[in-house]
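**Q** Generate the whole structure from the sequences, applying the supplied hints.
Here is what each chain is made of, one letter per residue.
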Amino acid sequence: MLLKDEVGMLQRVPLFSAIEPTKLKLLAFTSDRVSYSAGQILFRQGDEGDAAYVILSGRADILVDSESGPIKVAELEPNSIVGEIAILCNSSRTATVRAASPLEVLRIRKDHFLRLMREFPEMTIEILRVLADRLSHTTADLIDARSAK
Amino acid sequence: MEPSLARYIWTHTKKQQLWILMIVVLSMVPYFMSFDLPKLIVNGPIQGRGFEQPGATQPFMRLHYNLPFIGEVQFFSGFQLDRKETLFALSLVFLLLVVINGLFKFYINTYKGRLGERMLRRIRFDLVDRVLRFPPVYFKRVKSAEVATMVKDEVEPLGGFIGDAFLQPVLLGGQALTAMLFIMIQNVWLGMIAVVIVVIQIVLIPRMRRRLIVLGRQRQLTARALSGRVGEIVDGIGAVHVHDTSNYERADIAARLGLIFKIRFDLYQWKFMVKFLNNFLAQLTPFLFYMIGGYLVIQGRLDVGQLVAVIGAYKDLPGPMKELIDWDQDRQDVQVKYQQVVEQFTVEGLIAPKIGALTIDDPDPMTNPLSAINLSIADDGGATLLNRISLQVKPGETVALVSTATGGAEALAEAFARLNWPDSGRVASGTDDLLELPEAVTGRRMSYASSDVFLFQASLRDNLLYGLKHAPLTSVPYDGAAADQHRWNIHEARRSGNPDLDIHSDWINYASAGATGPHDLFEAVRRVLDAVVLSRDILDLGLRSSADLTRHTELARRIVELRAALRTRLEQEGLSGLVVPFEPGAYNKEATIGQNLLFGAAAGPELADRALAANPYFASVLRQAGLDRTLYEMGLEIAKQAIELFADLPPDHQFFQQLAFMSAEEIPAYETLLQRLKNRPHEAVSENDRAMIVTLSFAYIEPRHRFGLLSDELMSKIVAARSRFYENLPPELQNAVERYDPAKYIAAATVMDNVLFGRVGNNHPDAPDRIRSIVYDILDELGLYAELLDVGLDFNVGSGGRRLTGGQRQKLDVARALLKRPDFLILNRPLSALDQRMQDKVLRNVLEEARRDGHSPAIVWVVTNPAMAMMFDRVIVFDSGQLAEDGTHETLLAGNGIFKELLS
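Just so you know, the protein sequences line up as chains C and Z, in that order.
In my numbering, each residue carries its 1-based index in the first sequence increased by 290.
In my numbering, each residue carries its 1-based index in the second sequence increased by 473.
The set of hints was computed from the structure by calculation and includes no laboratory data.
All the given hints hold, so there is nothing to weed out.
Heads up, simulated PhoX-like pairs for lysine-lysine below, C-alpha to C-alpha not over 25 Å straight-line:
| # | chain 1 | residue 1 | chain 2 | residue 2 |
| --- | --- | --- | --- | --- |
| 1 | Z | K942 | Z | K827 |
| 2 | Z | K488 | Z | K578 |
| 3 | C | K294 | Z | K1113 |
| 4 | C | K313 | Z | K1113 |
| 5 | Z | K1062 | C | K294 |
| 6 | C | K400 | C | K294 |
Bear in mind that the values here come from a model prediction, so they are computed numbers and not experimental data.
**A** This is the structure in C-alpha cells:
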C-alpha cells in the first residue's frame, strides 16, 4: 500500500475526514507502517500510551482484563483508529489490542500527532469537532440508557 | 626549584657552555684571517705588487710572526709561486676559509640549539614532575589550563636564550672592551668621552628597563589567566548555555583581551622609547668626537690623523654594545618568565620523590589494620569535616560508612585514599603513617573509587587497565633502525635529566589482576565488568562499532558461521521476515537504492554518501545500465513529494528527522532547482544538477517511504548495474569500496551489520531489540562473546570520559578498582548516578567478586543509602564530623540511635 492509498484510508477515518489531504499525507509519511501477525499484541492494558493505530488491513480484537481472564469487548476493522484517546490525554491504555489476523497498521506517534495539531490549528479544530460530536453522542446514549432503566 | 635562572643554567650546562666558548674563540682565527685575504689577493697577484719582474715568485704560506719581546720569528719559509699560481692559491685559500667559517658557524648554532632544547626539555620535565608531586590541596586552587600554559608556553623562550646565556656577554663584552681599548690607545681624552657615554648607557638603560620587567610580568600573568578562563569555558560550556551566560563570557574575555592589549601596547611604547634613547646615546659619542675633537684640532692640540683613527676605531663599539644591551633585555625577559613559573611551582608540602619512586617488584600485602588516630580534617574554608576521629579497619573486614549530610564519612574515605591530608592526627597502616608509605604500596595494595570519576581520553580498555600500569615490566627488543632510535632516545633523555622508562614496554601488572599474562587477563576483565553490570553496555558499543581486524581476527574468520547461525535461529523462531539478507543476485527491498546499487560499504570518501552520485565512474555505470534517466526522474519525483510535504514546516521541526533525502537547509535549494529543471530535457541538465537530483533516489526505501516508485523492472536493472559496477572497477576506486560478500567480513561496516548481513525490516515493531538479543545469544553459543566484548573495549571514551553516561563512568571506576585485587578497597559513594535497585545489585556483585578465590580484602564503602549497610560486617555512622555509632547492623538496629533514625 502506498502513501497516497494511506491518505485515502485516513480520510475515511471520521477523526481525520475533514482535514486537508496534504496534512494527512504528512501525517502518513511521518507515521510508521507496521505489520503484525495474528496473535501479536499492539499494546497492553495499563501501558503508557505513546501512539495511535489506524488499521489498514486485517482485523484486531479489543480485550479487557477481568477476573476470569481477558474478555473480548470489540473488534477493529480496516479504517478504524484505536488508541487515540491515550495520546490526547496522558492516560494509560484502557484495553489490550491484539491482532486477530495478519494486520497492517499505521502507527501515529504521540509526539508527531501533537506537533501537527500545534502546527496546524485548522486540523485541531476538526479533531475537536469530531470529539465534541462523539461526546454529545455518548451523552445522548447515557440519557437514553438512564431513561430506559 | 632554583630561583635564579642563571644558576639553573650554569649548574646543568657549565661543561657545555665552556666547550662552546672555546670553540667560538677558536673560530675567531679563520674568521680574522678571512678579513685580511681580499686585500692580499687584490694587491698581490691582481695588481702585481711583488711580481714586477716577469717570472718573479713570492713565498706562499710563509709563517712568520712579529712576536712581542722576541721579534721576527719564521716557522715555515713557504712555497715559491709565480703570479698566476699565487692568484689561484690565494683564491682557493679564500674558498677554504669560507667553508671553514661556515662549518664553524653551523657547528656552533647546532650546538647552541641542542643545548637550549635539552634545557627546555629538562625544565618542562621538572615542572611536570613537580605537578605529579603537588599536595592534593594545591589542585583545588589551580586551573589546569594555567598549569598547562606555564609548562608549554611560558618556558618556551628559555630554550632560545640558554645557548647564548654565557657565550654572548663574554664574546660581545670582549669585542666592546677591545674596541674601547683601541680608542684609548689612539687618544686617552676622547677615549674617556666614550667611556662616560657607555657608563651612562650601562647605568641608565637597565633602570629604564625596570618598568619593562614589571609590564612583562603583568603580560605573563594576564595571558596565563586568559588561558585559564578559556579552559574553564570549554569545561563548563554546558553551564554557559544552560544559563544564557555566553554574552557574559564574551564580555569577560573581551575585557581580558583589552587589558592584555593595553599591557602589550605599553610594553611596545616603552621598549621603543628605550631603544630610541639607546641609539641616541650611541650616536652622541661621534657627535662629541667631531665637536670636541675638531675643536682641539683647530686649536692645534690634537693632530688630524689621531682624530680620524679614533673615529675609525669607534665604529666597532656601538655594534657589540647594542647587542649586549639586547642580550641583557632578553636575559631579564626570560628571568622574569622563569621566576614567575618557578614561584607557581614552589609549593609547600611537596610529596617526597621517594614516595613515588619506581618500584618494579610488587610489595608485600598490607596485613596491618588501617587506622585513623585522632584524625581531624577541615575543608579549604576551615570548616571541620572530621573531628578527632579514631577507628580501626581490620584486614578482611567489610565496613559500611553511613553518614548524615554533614557527617564526614566521605572525608574519611578520602583520607584513607590519601586524597585529603589530615590537619591533625594521622592515618596509619599498622604503625606506619599512611602518608609515609610509598605509592608502590598504597597504589597497588589499596584501591579507591568515588562518584567523582576521571577517565582519560583513551579506549575503555586503556582506562580499565590504567590502574595496573605501575612500572615497565618487560624490556622491548628493538632491532635495526628502531634499536638506534631507542638508544638515541635513552641517551637524550639522560642528557636532559629525564627518566628513560620505555613507554612501549608492557606496563600492565597482570599478576595483580590475578592473571599470568595478556592471554588470561581478559577473564579477569570480564569478571569485573560483569560484577559492575557494564558488560551489556560494552557489548552494545561493540556491536555498533567497526572492529579493528588486526586485533579481532576471530570475528572475521568465523563470520560465515555466525551469519548462518543467525539465519537458522531466525527460521527456528519463525522470525525470518525480520531480516532481509543481502544476496548478490537479488534486490533488497529494505535497503536504500544506493545500497542496492553499490552493494558494498564505502571505505573511503570517494563513494560515500553524496559523493556517490557525483562519481564519474559510477555515473557512467548508471548510464550503461540505462538507469540514469529513470533514477533522475525518480529523484525529481522525490524532490517534489518532499517539498510538498515539508515546505511549510519550520527548519528545526522534528519531522525533518523522518526525511532521509535532504536536510531542512537544502529544501530551498531544491525548490529553485526544481523550478529551473522544469520541462528541461534530461540531456540538457548539467552534470552537477543531475547528481543533485539522482542522489535523492539513492536514499529511497520503498516499504518505508511508500511513494510507489520501485518496479520489478527497475529492481532487476539495479541488480544488473551492481555487477557491471564491479566488473570494470577502476584501480583508484578499488580501495574505496568493500563489496558485500556472504563469505567475507566487511571491515568498514559495524559488527552488527556484519552479523546481520542484511537489513532489518522497516515494518516490524521491536525488531531491533529482538534481533540484538538473538545476536548476543548466538555470539555466546559460538564462543565469540568475549571477542565482541573486546571490540567494545576499543571504544574511545572521549575527553574526560564524556562519551559515556555518568553511570557508566562510575561503574568503570569501580571495575578498575576491583581489577587490581587490593587488600583494602575504599569506595566513596561510588555509584551515586545509578538508581537504588542497580546500586544494590552492583554492591552485592562487588562484595562477591572481591572475595572470589579466597581473597578477603577489607572493604570500606561509603553508602548512599543506609539500607545498603545490611550487607556489611560492620556499620559506622558519622554525624557532624563525629563518629556517632559503630557496631554490627543488628546491634545498631536494636539501638535507638541515628542509624535507626536514618533508616526510617
